[in-house]
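Since chain A is already given, all that's left is putting chain B on it; use the hints.
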Amino acid sequence: MNLEFSPEEMAFRDEVRAFIQDNYPDRLRELGAREDLSPEDMVAWYKILGEKGWSVPAWPTEYGGTGWTPTQRYIWSEENARVSAIMPLPFGVSMVGPVIYTFGNDAQKDRHLPGIRKGDVWWCQGYSEPGAGSDLASLKTTAVRAKDSGGDHYVINGQKTWTTLAQHADWGFFLCRTDPDAARPQEGISFILIDMNTPGIEVRPIKLIDGGYEVNETWLTDVRVPVENLVGEENKGWTYAKFLLAHERSGIAGVARSKRGVEKLRDIAKAEMMDGEPLMRDFDFARKISQLEIDLAALEITELRTLAGEQAGRGPGPESSILKIKGTEIQQRLTELTLEAVGQYGTPYYRDLVDAGSNEYPIGPDHARHAAADYFNMRKTSIYGGSNEIQRNIITKLILGL
Amino acid sequence: MDFNFTEEQGMVRDSLARMVREQYDFDTRRSVVESESGWRPEIWTQLAELGLFGMPFAEADGGFGGGAIDSLIVMEEFGKGLVVEPFVPTVVCAGGFLKHAGTDAQKADHLAAIIGGSRVFAFAYAEPRGRYDLANLETTAKRDGDAYLLNGHKAVVTGAPWASHLIVTARTSGERRDRDGVSVFILSKESDGVTTRDYPTVDGRRASEVYFENVAVPSDALIGDEGDGLPLIERVVDEAIAALCAEACGAMKVAHEMTVEYSRQRKQFGAPIGSFQVLQHRMVDMFMEYEQSLSMAYLATLRLDEGAAERKRAVSSAKVRIGQAAHHIGQEAIQIHGGMGMTDELAIGHYFKRLTVFDSEFGNVDHHMKRHIALSTVD
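For the protein sequence lines, the chains are A and B, in the order given. Under the numbering used here, the first sequence has 17 at position 17, and the numbering climbs by one with no breaks. Under the numbering used here, the second sequence has 193 at position 193, and the numbering climbs by one with no breaks.
Looking at chain B on its own, in the form it has when it is part of the complex:
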């Protein structure tokens, strides 16, 4: 049993933390988020140069032989700075599909480009009527000779405006919510028949509704076996959840620290409000929520390579616990900041908004509570 990071991991964390501090201060982030593109490709290149995108991949695939712990380190620091760049869709999701099920040709085509920072992905899995059920798909992929024809509508695909490529889930057979008959495709966003409607999200990122109209994708765009994609999707989504949990922990840590600091500065009734016990205990509760959350982010990350049942149980536990903590800390942070917490000017509101959106990503508290219960009552 070991809760320490390796020396190398510590060094990566330090240099990433420095970079976020120096180049991702809140005012800079605000102007980038409000700019036309909404992100900074030059930061993406710098992150690639730091070697961050290669860490979770095997050396044989051109990576540095790390794993999910490395993604946890990256995402915790991203969370502290509210970094919007699409590490999870590109490295964790697309990278995960390729790592677990990609053919040699697919890996050769995409992995080096991901690791080098030249190719950005979005993960188009959610649908307007599917909510959090990964198998509830109306998007279809029908065999058409040597190719598949994709038709459907994917909802709130985060990072899609910045992406050159997409991972798409679609039904190749079966009924709408069947576990069988789900397949995964990798394709260029520029493919004929793909259209997008881009928009900003409430937490400072960008997303798209993505429409597929008779998009012809070659059969070698299929990742894994046809119709057998759901277990693979569940695994990659669990890996994405673990990474997002780490991000939420970083954001909660900063939100808590900002709140404690504000309570030191702000005076009412002739005293700093941080001297009032009623607020002190609430800030202690925020701190405990954060510490419990960090423990759960570790647990989820360290269980990703276990069997499916144990992995799902740990990941759902973490998503429930951290989803609850994210709401708690976000709401309390605004309350303790008082009227200033309501202003767009202060950073705290932006942390609150990111933490709010976190809960709805890849299944909210209720969804994962249900999965936990289902896994607990199998006998």
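One chain only, chain A, in its complex shape:
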């Protein structure tokens, strides 16, 4: 048992660090992790990695994966977090991609995997509905099989919600009910790929509490989808959906990003003053940061243990629910402490302030600009990807055996 990197792993770290140093766009460096990135900025690094062949490290090598060990993937995310890199969008890379290469047919793999790999095709996820959140299996969007002069197709009707960044999406993967009479609600669901330019799809942005528009309502009215867009077997979609959620959870801990976040928080706490001293010298505040850092260290080792298990051939199992719960709790506490650290300059609503190029004095320190918006925004993390309560249900069933 040891925590050291081997000489090969050290060499790998140097290689990826140098690559990131030389290739991460200056423009993105300046933007930092702003909440209002343009679609082009969101995929800029993704496309560079696609060219390099590093956009989908975890995929099997035959589909373009890098063949890196879990330790190398850990190093990769650490190195990207050093520059707060804007990573490839997860909807293709970590969600639908693995479903397609695991359950899709050859035509679907040939058609869709290259676009995900290169960052050319933007995907979105059509899972939740207004009446189907945690109880996802109660979803009502229907896909009815029909045949006419246009060939075999599904006609899809329903409403999806929380479709993240669907306003920019080229394709979406949707859960639809294909057998309304199935014995259990889980048994009548299919996993269908839909071209977002198909007539009958309407995407309406939803304004969130941070003022941003990252999710949408997506209405589907008589949307015709060729049957070849069905992934795997009809009515087996729930199996693929669960597979996808387990994949989604494994990257969700965000350890490397949170470690960088703690460093930034410490810098803010050194710059902010309280009672004539840096906030970092305040025992109560220092204690909160230390607690966060200690909990993050525990999460990091837990993730490494999970990765080691993966390396030994034990796939991401229900343990990934622990990573999801603890990872999101830490992300939320980090933004909460950052907001606390900036004091009253967390209060201005910066989003609508345009001071670039203006002659006016800036309002507040730079590090305060995103504090409130980030805090509000990160409340989503314990809700999405299977809420943290649903994760506890999963652990109850699969680990405690109750």
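Worth flagging that the hints you see were computed from the coordinates, not collected in a lab. Remember, predicted model here, so these are calculated numbers, not experimental data. Among the hints, erroneous ones may be present.
Said to hold, decoys possible - Keeping only pairs whose Cα atoms sit at most 20 Å apart, straight-line, the calculated SDA-like set for lysine to any residue is:
(1) A:Lys288 x B:Asn364
(2) A:Lys109 x A:Ala241
(3) A:Lys397 x B:His281
(4) A:Lys288 x B:Ile373
(5) B:Lys370 x A:Phe285
(6) A:Lys288 x B:Ala374
(7) A:Lys118 x A:Pro199
(8) A:Lys52 x A:Gln21
(9) A:Lys118 x A:Asp195
(10) B:Lys253 x A:Ile399
(11) A:Lys207 x A:Phe376
(12) A:Lys118 x A:Met42
(13) A:Lys397 x B:Arg266
(14) A:Lys264 x B:Ile373
(15) B:Lys267 x B:Lys253
What the hints assert, rightly or not - Far from chain A by the CB rule (all over 10 Å, computed), these chain B residues:
(16) Asp2
(17) Tyr24
(18) Ala108
Heads up, the beta-carbon is just placed ideally off N, CA and C, and yes, glycines get one too.
Only chain B this time, still in chain A's reference frame:
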């Protein structure tokens, strides 16, 4: 990076687990803990025969060339069975002082006896007014010709009633809380002028108040350099903390499993209480606390041989995290067991009591949080 145990370590774990299961069941433990001596020297001999006491020592010192990972394995299994025998004071503490700073003569005198199981140690470091500060010493050792004269009072020395020998920290110079001027001595408990008052502890072990009155110890009883003992003491205490963290993990694992099992059996409102979501989620939280704790026990153990700053940071992180988890899991286990959890008859209360005491050993959550903060704000 590697989180696997070697094949040998796996075998040691298996045989120790079997031994604890077969010879340390709860009823046996209860009768031993309530007996006059409070421990079983014959178990100690068996543990020595298993080779457990030699694992953390170099082959040159008569050991098997292992390290702290081996102590982690032993203590995790001890924790599962609430084993009271003094592995930490004897092997980790006394063994640690000898390993890091013992002279050849001291090693020759003591290590073989520790490894063979014939010599049991207690570590007398705490004082009535010192709380968790290792340098806050009123016990003094004054040079007297070729010897030192020890005077003072050591508090809650666990395992001391069973020990033949003591490791004692004392001030050889300086003021009460100075970092300089602290020294470490190794001596027989039978030395003239040593008296003890023995008592049971709330978690089923034994401890003593140990008094030194003009105890003459020869100068070759000094371990390490005179007045320069604190960094050595801190290192050994960190090693002891890592071992105790592993023990707490073993105890938490069992406390959690017992609770889940109880929730399956116990019926109220016509259903097993384990079918109630309000309890399920609490047992999930206990499980996550345990998993995070195990990660921290690994982290602390794997950082013991790093530089002092990194070692202290990792050990304090672990002691904070596991101290919090130990309280959480202990309290929740009692609550979910309901009235039965309050009875002395059930094992769960005894796990709760061990986990409660764990927090106060070698510095509680607040103490280690302070050390973590101090290490984090040096710039």
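Comparing the hints with the structure gives:
1. For the hint pairing Lys288 of chain A with Asn364 of chain B, the CA-to-CA distance comes to about 17 Å; that is within 20 Å, so the pair holds.
2. The hinted pair formed by Lys109 of chain A and Ala241 of chain A meets the criterion: a straight-line CA distance of about 18 Å does not exceed 20 Å.
3. A hinted pair counts as satisfied when its Cα atoms are at most 20 Å apart, and Lys397 of chain A with His281 of chain B qualifies at roughly 11 Å.
4. Simply put, Lys288 of chain A and Ile373 of chain B have alpha-carbon atoms about 10 Å apart, close enough for the 20 Å limit, and the pair holds.
5. Proximity of Lys370 of chain B to Phe285 of chain A is assessed by CA-CA distance (about 12 Å); at most 20 Å being required, the pair is judged to hold.
6. A C-alpha spacing of about 13 Å is found between Lys288 of chain A and Ala374 of chain B, which places the hinted pair at or below 20 Å, so the restraint holds.
7. About 26 Å separates the Cα atoms of Lys118 of chain A and Pro199 of chain A, which puts this hinted pair outside 20 Å; it is violated.
8. Annotation: proposed proximity of Lys52 of chain A to Gln21 of chain A holds, straight-line Cα distance about 14 Å (limit 20 Å).
9. Proposed proximity of Lys118 of chain A and Asp195 of chain A is supported: the alpha carbons are some 18 Å apart, at most 20 Å.
10. Simply put, Lys253 of chain B and Ile399 of chain A have alpha-carbon atoms about 13 Å apart, close enough for the 20 Å limit, and the pair holds.
11. Restraint check for Lys207 of chain A and Phe376 of chain A: satisfied, since their Cα atoms lie roughly 12 Å apart, inside the 20 Å limit.
12. Among the hinted pairs, Lys118 of chain A with Met42 of chain A is consistent with the structure: their alpha-carbon atoms are about 14 Å apart, no more than 20 Å.
13. Between Lys397 of chain A and Arg266 of chain B, the direct Cα distance comes to roughly 18 Å. Compliance with the 20 Å bound is thereby established for this hinted pair.
14. Of the pairs offered as hints, the one joining Lys264 of chain A and Ile373 of chain B holds, with about 17 Å between alpha carbons and a cut-off of 20 Å not exceeded.
15. Proposed proximity of Lys267 of chain B and Lys253 of chain B is contradicted: the alpha carbons are some 23 Å apart, above 20 Å.
16. Residue-level check failed: Asp2 of chain B sits 5 Å from the nearest beta carbon of chain A, not beyond 10 Å.
17. The Cβ of Tyr24 of chain B lies farther than 10 Å from every Cβ of chain A, with a closest approach of about 26 Å, so its non-interface assignment holds.
18. With a minimum CB-CB distance of about 31 Å to chain A, Ala108 of chain B clears the 10 Å threshold, and the non-interface call stands.
In this structure, the hints that do not hold are numbers 7, 15, 16, in rising order.
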